[in-house]
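With the hints as a guide, bring both chains together as one complex.
Below, each chain spelled out in residue letters.
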Amino acid sequence: MTPPRLSRRTLFGAALLSLPALPALAQMDPNRAAAFIQATGQELVGVLNANAPVERRRAAVAEILRRSVDIEGTGRFILGRWWRAASPAEQAEFLRLFEEVLIRNLASRFGEYQGVQFALGRAQQRTEDDALVTTVVQRPGSAAFTLDWRVAEVNGQPRIVDLVAEGASLRLTQRSEYSAVIQRGGNQVGALLNAMRQQIAQLSR
Amino acid sequence: MRLRSALLSAALLLGLAGCATPPPATDREALQEFRANNDPLEPFNRAMFQVNDAIDMVALRPAAVVYRTVVPPPLRTGIRNALANLRAPTVLANDILQAQPERAFRTAARFAINSTLGLGGLIDVAEWQFGLPGHREDFGQTLAVWGLGEGPYLFLPVIGPSNPRDLVGLTVDAVASPWNWIGQGEVVEALRWARFGLTILDTREEVLDTLDEVRRTSLDPYSTIRSGYRQRRRAEISNQAGPELPSPSTGFGSVIPQTPADPGPR
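So the protein lines, in turn, are chains A and B. All residue numbers for the first sequence refer to UniProt numbering, where the first residue is 1 and numbers rise by one. All residue numbers for the second sequence refer to UniProt numbering, where the first residue is 1 and numbers rise by one.
Bound-form chain B, shown alone (with noise of 0.2 Å):
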């Protein structure tokens, strides 16, 4: 699988990268930037980062471009729309799972509605005439709610900013899908690559312009976007990202892809 092979090769530049070194007992202020930034992996990280960087430049940053150039926008949103629809059984099972009875019924009725009115969940009815919005929830997020802590800040090159909990939940719910269990043959399965593509493309460039501004105006992005994810997590987690937002956490390691493997954020 292209995630265990990630996550061995991984492991094997984690040993020539090294850990980082914690600043000094005395240097209290700098000990404790150090806990709360969580990464003591940072060396290895930070080459992930490069190598996200290089993979990004020459593949997934072009592909968004030529995506929303060629694209118009009413079709682009609803591709949005459709591919959030098929999230929407995991959305659910994490809103139960998380004892979220009321948003697990928005989650349920959108569901309902959108896949029928909605034509296949192209257009979002349930928001545009009932007023039910959506919302993520991944099972990281259920995780993070029955009290597993997050563990250390991780980058790995397409998955992008992680960390042990979320690489978990990003599987799980990979696996749990339906639409991984149901149906068979070449047709069941160029749907299941189209919807992959399709997500990719989709997630990268819904954060083009906000990696373009993270890139143009940050004197060091790698932090940015590690202070960036860990407080937006946070918001998500806590379920106060106003439902109004624009599905932000797409390329923050919360999108739930068909085969294990993510768009990356850059």
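Chain A with its partners taken away, still in its complex shape (with noise of 0.2 Å):
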């Protein structure tokens, strides 16, 4: 049997040819994405609490993002299928775009973020790739949510690929929202850093 199978073979090769690189994912232990979210979380609640002046507490913030959050693999699953329709270009400026949004975005926010706090819960297994680990954020003087924490190893690391509260998660809802505006723009991905550029321009006024 051996034509049917190099044929299969052949299309599995040509199937995988045609998928976007993905970065090299591995099975994602629930003990470890725990722990780097504690870790991560501390952190970052060590700055959002920190005294220090806003620009001193948005850089560190900048910082921890930057090597907790998987931005590219998240950046490229939000933009879904118009990754392929943009440029080099525009991927490249959009993963730049989509860094400095996360981070002007809770920059925006750190006097309300003043006094959070959080407690770990539960760490499940949710695919072969990935964990969700389970938080519940206090602040003062608002009830206390639960915020999930999907982990998945990019490159032997732990990496945040997404948040989900209330069922609901970031990273699906805001690749509906993206692709709406870009349909909404002519389906031009132009139309999507054009309004991103602008929202940058908003929060650091």
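Among the clues, some could well be false.
What the hints assert, rightly or not - Simulated restraints, written as ranges between beta carbons of each label pair:
{"hint": "1", "chain 1": "B", "residue 1": "Trp128", "chain 2": "A", "residue 2": "Gly186", "range": "54 to 60 Å"}
{"hint": "2", "chain 1": "B", "residue 1": "Gly149", "chain 2": "A", "residue 2": "Val116", "range": "37 to 43 Å"}
{"hint": "3", "chain 1": "B", "residue 1": "Ile96", "chain 2": "A", "residue 2": "Ser142", "range": "32 to 38 Å"}
{"hint": "4", "chain 1": "A", "residue 1": "Asn49", "chain 2": "B", "residue 2": "Phe130", "range": "30 to 36 Å"}
{"hint": "5", "chain 1": "A", "residue 1": "Leu120", "chain 2": "B", "residue 2": "Leu119", "range": "33 to 39 Å"}
{"hint": "6", "chain 1": "A", "residue 1": "Gln124", "chain 2": "B", "residue 2": "Trp146", "range": "24 to 30 Å"}
{"hint": "7", "chain 1": "A", "residue 1": "Ala89", "chain 2": "B", "residue 2": "Trp128", "range": "32 to 38 Å"}
Claimed, not checked - Away from chain A, derived, C-beta distances all over 10 Å, residues of chain B:
{"hint": "8", "residue": "Val58"}
{"hint": "9", "residue": "Ile123"}
{"hint": "10", "residue": "Gln129"}
{"hint": "11", "residue": "Val188"}
{"hint": "12", "residue": "Gly228"}
Unchecked claim - Among the chain A residues that face chain B by a calculated CB cut under 8 Å, a handful are:
{"hint": "13", "residue": "Asn105"}
{"hint": "14", "residue": "Gly167"}
{"hint": "15", "residue": "Leu172"}
{"hint": "16", "residue": "Ser176"}
{"hint": "17", "residue": "Ala180"}
{"hint": "18", "residue": "Asn194"}
{"hint": "19", "residue": "Ala195"}
Just so you know, the hints here were simulated from the structure itself, not pulled from any lab data. Even for Gly, the Cβ is constructed at its ideal location relative to N, Cα and C.
What follows is the structure, encoded as structure tokens:
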């Protein structure tokens, strides 16, 4: 039965080639994911509650997010089918803006997050590649809420790939949002990039 | 009735706004997304979204801000607990209809404990002292458990994100609630209106931060809310939303109101 197997293998190879190049993902150990979220969360809370000037805290948050979030993988996921429609320059610009929006959004809420605390809940394997770590976030004067962190192993290191609040995944919601902006902008990825630039300009005022 | 006239004018506007054009069959990814969005009435829904935005800006949001500013947090928590306690019979009925005896038992026990020891529901003694956290159920979820599809996405003023299945659920829950049938007279009627008004205030106040956040960070709040509503409903239907969640369903179509109109999410 050599010919069918050969053709199947060829098909499989072709399918692989047509997939976008993904970073190597390996099985994520829930305990390791939990320890990673604990450490990253502590760092973030430390910065959010610090008494340093906003500029310094923003730089610190940016540094933490850059090494704990899989910006490229998540950005690609969120751009979804438009990733391949985008030119290499647009892809690079998108990832740059995506990171900037992430950091600026968090930085614009430093005041609200003063005094924030979090407690680690259970961690569970979700798929082959990622684990979901549950935390309970408490801000002074408002009800506690649960936040689930999806952690995957990217190039040997645990990285955050998604946030789930009240059953809604941030990356799914954002993919829907960004796709709508592109479609309403005449199916142009550039329309999204413009909107993101405007958003950054507003956030940094 | 308010809902009927709203639906009627909705149908009228629908004729004016038209339907969304599906992408060509050749663009499979676009078609896939179009189907996943399940929003064939998007032009109409977006128009309603704007109408809702306007109502919210002048009435609902300011009222919720005043409510938060004027009423101290412990009293607001008490009101929220009492409103949840009034919903307990509805939750219980839906627990039973979904064949969830354990959840039904918990709901019944909570209602008994909170109505008495909890001073008419003001204090959630059941969770605080008995470790029995509450949960939400509505007839829309029951219909989903029974296998009914949600139908096309709908966004309606004041009601917010919904779909035909959840709208039917909303109506059935409202009509079937025992508080609609027990008692009569002016005092009872006034209490019904008070509950309705407080439900609107409480619901809008609960989602104040979330919706401010969506408005501030989303490049297209309409699709953010559509996606968020769908995902959350899915989690609620499969009872995956943890019991420690601060009753997240309010404002996203699953509140059981006294009269068939429901505070919107914005």
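Comparing the hints with the structure gives:
Under the hint 54 to 60 Å, the C-beta atoms of B/Trp128 and A/Gly186, about 55 Å apart, fit the expected range. In this structure the supplied range 37 to 43 Å holds for B/Gly149 paired with A/Val116, their Cβ-Cβ distance being about 40 Å. Checked against the hint of 32 to 38 Å, the C-beta distance between B/Ile96 and A/Ser142 comes to roughly 34 Å, which is consistent with it. For the pair A/Asn49 and B/Phe130, the supplied restraint of 30 to 36 Å holds, since their beta-carbon distance comes to about 35 Å.
Between A/Leu120 and B/Leu119 the Cβ separation comes to about 35 Å, which falls inside the hinted range of 33 to 39 Å. Between A/Gln124 and B/Trp146 the C-beta distance comes to about 29 Å, which sits within the given range of 24 to 30 Å. A C-beta distance of roughly 58 Å is found between A/Ala89 and B/Trp128, which places it outside the suggested range of 32 to 38 Å. No Cβ of chain A approaches the Cβ of B/Val58 within 10 Å, the least distance being about 24 Å, so the stated non-interface status holds.
Every CB of chain A is more than 10 Å from the CB of B/Ile123 (nearest about 16 Å), matching its label as outside the interface. Every CB of chain A is more than 10 Å from the CB of B/Gln129 (nearest about 19 Å), matching its label as outside the interface. Distance check on B/Val188: its Cβ is at least 31 Å (rounded) from any Cβ of chain A, clearing the 10 Å threshold; non-interface status holds. Look at B/Gly228: its CB is around 5 Å from the nearest CB on chain A, not clear of 10 Å, so calling it non-interface is violated.
Hint on A/Asn105 holds. Least Cβ distance to chain B is approximately 6 Å, under the 8 Å limit. Interface hint at A/Gly167: satisfied, since its Cβ lies 3 Å from the closest Cβ of chain B, which is below the 8 Å cut-off. Residue-level restraint check for A/Leu172 holds (minimum Cβ-Cβ distance to chain B is 6 Å; threshold 8 Å). Nearest Cβ of chain B to the Cβ of A/Ser176: about 4 Å, under the 8 Å cut. The hint holds.
The interface hint given for A/Ala180 is met, as the beta carbon of that residue sits about 4 Å from the closest beta carbon of chain B, less than 8 Å. Interface restraint check for A/Asn194: the shortest CB-CB distance to chain B comes to about 10 Å, outside 8 Å, so the restraint is violated. For the restraint placing A/Ala195 at the interface with chain B, the shortest Cβ-Cβ distance is roughly 5 Å, inside the 8 Å limit, so the hint holds.
Going through the hint list in order, the structure does not satisfy hints 7, 12 and 18.
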